[in-house]
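Engineer: Residues per chain, in single letters:
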Amino acid sequence: MYWLNTWYVAGFSDEVAGTRLLARRLLDRPLVFFRKPDGRVAALDDRCPHRFAPLSAGKLCEEGAALQCPYHGLRFDGNGRCVHNPHSKGSIPTAARVASYPVEDRHGLLWWWPGAPALANPDLIPDYSAIAGAHPDGSFRGYLPTRCHYELLVDNILDLTHADYLHAGTLGNGSLTRAKAHITDVDERTLNVTWLSSGERAPPAFAAHLRHPEERTDQWTEVTWTAPGNMLLHVGATLLGEDRSQGVDVLTAHVATPETGSSTHYWFWATRTFAVSAAENARIRSFVEYAFAQQDKPMLEAQQQNMDGADFWALKPVLLPSDAAAVRVRRKLAKLMESQ
Amino acid sequence: MYWLNTWYVAGFSDEVAGTRLLARRLLDRPLVFFRKPDGRVAALDDRCPHRFAPLSAGKLCEEGAALQCPYHGLRFDGNGRCVHNPHSKGSIPTAARVASYPVEDRHGLLWWWPGAPALANPDLIPDYSAIAGAHPDGSFRGYLPTRCHYELLVDNILDLTHADYLHAGTLGNGSLTRAKAHITDVDERTLNVTWLSSGERAPPAFAAHLRHPEERTDQWTEVTWTAPGNMLLHVGATLLGEDRSQGVDVLTAHVATPETGSSTHYWFWATRTFAVSAAENARIRSFVEYAFAQQDKPMLEAQQQNMDGADFWALKPVLLPSDAAAVRVRRKLAKLMESQ
Amino acid sequence: MYWLNTWYVAGFSDEVAGTRLLARRLLDRPLVFFRKPDGRVAALDDRCPHRFAPLSAGKLCEEGAALQCPYHGLRFDGNGRCVHNPHSKGSIPTAARVASYPVEDRHGLLWWWPGAPALANPDLIPDYSAIAGAHPDGSFRGYLPTRCHYELLVDNILDLTHADYLHAGTLGNGSLTRAKAHITDVDERTLNVTWLSSGERAPPAFAAHLRHPEERTDQWTEVTWTAPGNMLLHVGATLLGEDRSQGVDVLTAHVATPETGSSTHYWFWATRTFAVSAAENARIRSFVEYAFAQQDKPMLEAQQQNMDGADFWALKPVLLPSDAAAVRVRRKLAKLMESQ
Numbered sequence: 001m002y003w004l005n006t007w008y009v010a011g012f013s014d015e016v017a018g019t020r021l022l023a024r025r026l027l028d029r030p031l032v033f034f035r036k037p038d039g040r041v042a043a044l045d046d047r048c049p050h051r052f053a054p055l056s057a058g059k060l061c062e063e064g065a066a067l068q069c070p071y072h073g074l075r076f077d078g079n080g081r082c083v084h085n086p087h088s089k090g091s092i093p094t095a096a097r098v099a100s101y102p103v104e105d106r107h108g109l110l111w112w113w114p115g116a117p118a119l120a121n122p123d124l125i126p127d128y129s130a131i132a133g134a135h136p137d138g139s140f141r142g143y144l145p146t147r148c149h150y151e152l153l154v155d156n157i158l159d160l161t162h163a164d165y166l167h168a169g170t171l172g173n174g175s176l177t178r179a180k181a182h183i184t185d186v187d188e189r190t191l192n193v194t195w196l197s198s199g200e201r202a203p204p205a206f207a208a209h210l211r212h213p214e215e216r217t218d219q220w221t222e223v224t225w226t227a228p229g230n231m232l233l234h235v236g237a238t239l240l241g242e243d244r245s246q247g248v249d250v251l252t253a254h255v256a257t258p259e260t261g262s263s264t265h266y267w268f269w270a271t272r273t274f275a276v277s278a279a280e281n282a283r284i285r286s287f288v289e290y291a292f293a294q295q296d297k298p299m300l301e302a303q304q305q306n307m308d309g310a311d312f313w314a315l316k317p318v319l320l321p322s323d324a325a326a327v328r329v330r331r332k333l334a335k336l337m338e339s340q
Numbered sequence: 001m002y003w004l005n006t007w008y009v010a011g012f013s014d015e016v017a018g019t020r021l022l023a024r025r026l027l028d029r030p031l032v033f034f035r036k037p038d039g040r041v042a043a044l045d046d047r048c049p050h051r052f053a054p055l056s057a058g059k060l061c062e063e064g065a066a067l068q069c070p071y072h073g074l075r076f077d078g079n080g081r082c083v084h085n086p087h088s089k090g091s092i093p094t095a096a097r098v099a100s101y102p103v104e105d106r107h108g109l110l111w112w113w114p115g116a117p118a119l120a121n122p123d124l125i126p127d128y129s130a131i132a133g134a135h136p137d138g139s140f141r142g143y144l145p146t147r148c149h150y151e152l153l154v155d156n157i158l159d160l161t162h163a164d165y166l167h168a169g170t171l172g173n174g175s176l177t178r179a180k181a182h183i184t185d186v187d188e189r190t191l192n193v194t195w196l197s198s199g200e201r202a203p204p205a206f207a208a209h210l211r212h213p214e215e216r217t218d219q220w221t222e223v224t225w226t227a228p229g230n231m232l233l234h235v236g237a238t239l240l241g242e243d244r245s246q247g248v249d250v251l252t253a254h255v256a257t258p259e260t261g262s263s264t265h266y267w268f269w270a271t272r273t274f275a276v277s278a279a280e281n282a283r284i285r286s287f288v289e290y291a292f293a294q295q296d297k298p299m300l301e302a303q304q305q306n307m308d309g310a311d312f313w314a315l316k317p318v319l320l321p322s323d324a325a326a327v328r329v330r331r332k333l334a335k336l337m338e339s340q
Numbered sequence: 001m002y003w004l005n006t007w008y009v010a011g012f013s014d015e016v017a018g019t020r021l022l023a024r025r026l027l028d029r030p031l032v033f034f035r036k037p038d039g040r041v042a043a044l045d046d047r048c049p050h051r052f053a054p055l056s057a058g059k060l061c062e063e064g065a066a067l068q069c070p071y072h073g074l075r076f077d078g079n080g081r082c083v084h085n086p087h088s089k090g091s092i093p094t095a096a097r098v099a100s101y102p103v104e105d106r107h108g109l110l111w112w113w114p115g116a117p118a119l120a121n122p123d124l125i126p127d128y129s130a131i132a133g134a135h136p137d138g139s140f141r142g143y144l145p146t147r148c149h150y151e152l153l154v155d156n157i158l159d160l161t162h163a164d165y166l167h168a169g170t171l172g173n174g175s176l177t178r179a180k181a182h183i184t185d186v187d188e189r190t191l192n193v194t195w196l197s198s199g200e201r202a203p204p205a206f207a208a209h210l211r212h213p214e215e216r217t218d219q220w221t222e223v224t225w226t227a228p229g230n231m232l233l234h235v236g237a238t239l240l241g242e243d244r245s246q247g248v249d250v251l252t253a254h255v256a257t258p259e260t261g262s263s264t265h266y267w268f269w270a271t272r273t274f275a276v277s278a279a280e281n282a283r284i285r286s287f288v289e290y291a292f293a294q295q296d297k298p299m300l301e302a303q304q305q306n307m308d309g310a311d312f313w314a315l316k317p318v319l320l321p322s323d324a325a326a327v328r329v330r331r332k333l334a335k336l337m338e339s340q
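Protein chains in written order, with my numbering: chain A, 1 to 340; chain B, 1 to 340; chain C, 1 to 340.
Just chain A, same shape as in the assembly (with noise of 0.2 Å):
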């Protein structure tokens, strides 16, 4: 039902801070995330072997080697093998353990591993880099829960001329809809779409900070999706004929990743180098926001409820050519689905 043999965002690095611990569905198990004494971070089953607690409600000891059931005290270290009991005379029933999985902690996002963990890459974890480094007042980032399936959120992103029509007036002026899509077939875990304009005035929320807001501009828009749920985008605009560097750019992750079959962790992590200051992070912070969660959100949760449990294909939808992306991003899933 899950692609398994894949890296998935399972939340924001500083969600396992300290003795914090996470607990986190992620494709339809219950999951407990800490961090390990040497700085690492573990995930494991979020349900006790013994009486199916939640470990998530009980706490982190001995610095983090050990995660300490909330019902009757036994200890599980970082790979899911019980280290302490109190009961039994401190004897350990060898079937005590739980599953532990493969995590990576790396550009600010927590990378979990569902499947073989002979299997489980590094390098196939997308360079996330300039996201987490940008500056703090020229950056934010947020969490919506989500009730749709995960591709629908993933088919959004890869057909941005939505953003002409749901986003009208602050996103969107229609210059996406105009602009063609070049789409270029990386490999088997990735894809780019592009969109170019020349000519075109720049939406409002880019316009407002270019020199010469009401001029005519060069428009770019570049996604980079990698399997099975990350999105990195380049947006920007620069006044006709300028070089890119004159005008505005932001870069922004979107990431879904399924918490079940028709809910999905929504992460988006938004960066520019212009407007940086506490004060335009906030108030351009509202207004994406207000996009993303009161737009975005609420499309997405209708359609899931419109398909009302049905298959994609199966509803027969009639397709255009602004969603060659997302289908082809959908056919390369369904193949490495397969392939698994």
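Keep in mind that the hints were calculated from the coordinates and are not lab data. Hints are not guaranteed to be accurate.
No distinction is drawn between identical chains; accordingly, a pair holds when it is met within one copy or between any pair of copies.
What the hints assert, rightly or not - List time: in silico DSBU-like cross-link candidates among lysine-lysine, alpha-carbon distance up to 35 Å:
| # | residue 1 | residue 2 |
| --- | --- | --- |
| 1 | Lys297 | Lys332 |
| 2 | Lys89 | Lys335 |
| 3 | Lys335 | Lys59 |
| 4 | Lys59 | Lys297 |
Nothing here was measured: the structure is a model prediction, and the numbers come from that model.
Based on these hints, arrange chains B and C on the given structure of chain A.
Structural biologist: Chains B and C alone, transformed into the frame defined by chain A:
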């Protein structure tokens, strides 16, 4: 599962005034209603064939000639045809259409026909003109989303002896239970049940408006049911032996349209020719709404819950003579369902 | 699915005082309880056989001799027989009756018997008279609707070592885990488990009431389980070597009755002979309720959720010696279920 070749009330006419869209689920279908340039009302499936977005979250364009999808801007006319595609250089995929349905706007109500359009005969719509034409200060209307099968609401109105118990002290005082019901089987879609009594005091809600509230009266209660769930009630009282016109009389429509198999749109519209003033209207409305919303609706929902998904007849109800009209109507509905 | 030939607690006796009706779902059946003219308690299916209205929404008539349906006025006596029909000229349909059940009102609790009435032997009811007879300022009781299978609550009480972890710092300090449990298998419906320790400090909640809170003690914890979900606890401590009567002792009933297969009515009733005053009672109640409502209940509900509908044994729990009593009780219940 539903009877299709019939008119169902979808709401009040003014719910689609101007550019206002009405989203409503009827017979388990999400629908969107809007007013076309010619003033007539359109009903479409509330699901864009492209990405399954709810069209009701979009906007009405071209003075009602087109409904624009909120997600990627496709536009559909009142017949469900795609009339504008901003993508694909304007070419319109032939598959891009949504189902449309006949709608009549009559007597202040929207009548929707889910079956074969060719059979949608407006003459089958019952005459509720007297309701629609009542003085504003002598009428009020309301909407109660009710978690029960619509036939339970039909049963409720077709056995008004319940007023003596459920609405004791306001709408009932035992006189209905002591009266005899006369049933007239008008045709396959219509039935009338009338209770007459002579010599009883009027129930408090009526007595208060008689010249001598404590005196004996002639009372009448007439329900005309029109399939599937439309009921028009004449209820009144006059002092014993006097003409009806000297007494009080209320004319009320109760309408039940299935939302799903276990939830019902319940509309009521109550009118009268006495106590016609804004103040009296507010006072009467308040206690009538109390009866419908705080007594009938909870009872209907409790019945539904107690039936726990079972079929009414499978539960072997103990029938009383007072159930005669409701039972006949249930049989008529079963016959009409089978005949389609 | 449920064991029928046994007494289940349905609530506190005073929940049906006077004309007050008690509606409660037990073993997935909606029931109504009321007090009859002779002071005994009746239990009927909470569903009128006419139109399936909940009788508990009606009213008690004739000094408890009849319960009137709220919808159309049929009346039923404590045996479920229809004794009044205002319709049909008073004739009563023979089919008009509802199921009735044996009920005993004993020790301040209502005991309900869902099985064969002929087998309803009141001698099977455990003796909770000491609970019911406690001083009002030395006792309190509560109700926690808990979303778990009732056996999880039984497990919880039969392995009180959980107090050392879940209630660490109040009800537990590790002494139970270090004690040895002695199990006495009384009969097919009764089991006793006792933990004794000597030389340990008392847990904070008990120590506070000892003459020398910091000194070493003798401690006792005794649970007597009576099928299906009734548990009586003696828990106390006295200074090392002193007589129990010089120490502190609490006597508490924990009762688990299935509402459905995944929800439980949880009643507790705690009594003691020390700190008997309104002020002390309020203070003690507040932290005990915190333990039960904010620690036990969330744990039970988390276990239920983590088990995700699976059978307990199917999940292959890792058993510890401290599970011995709970496991024996589960086997007894399985045997009693099979024997019926």
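Engineer: Against which earlier hints does the structure fall short, listed by number upward?
Structural biologist: 3
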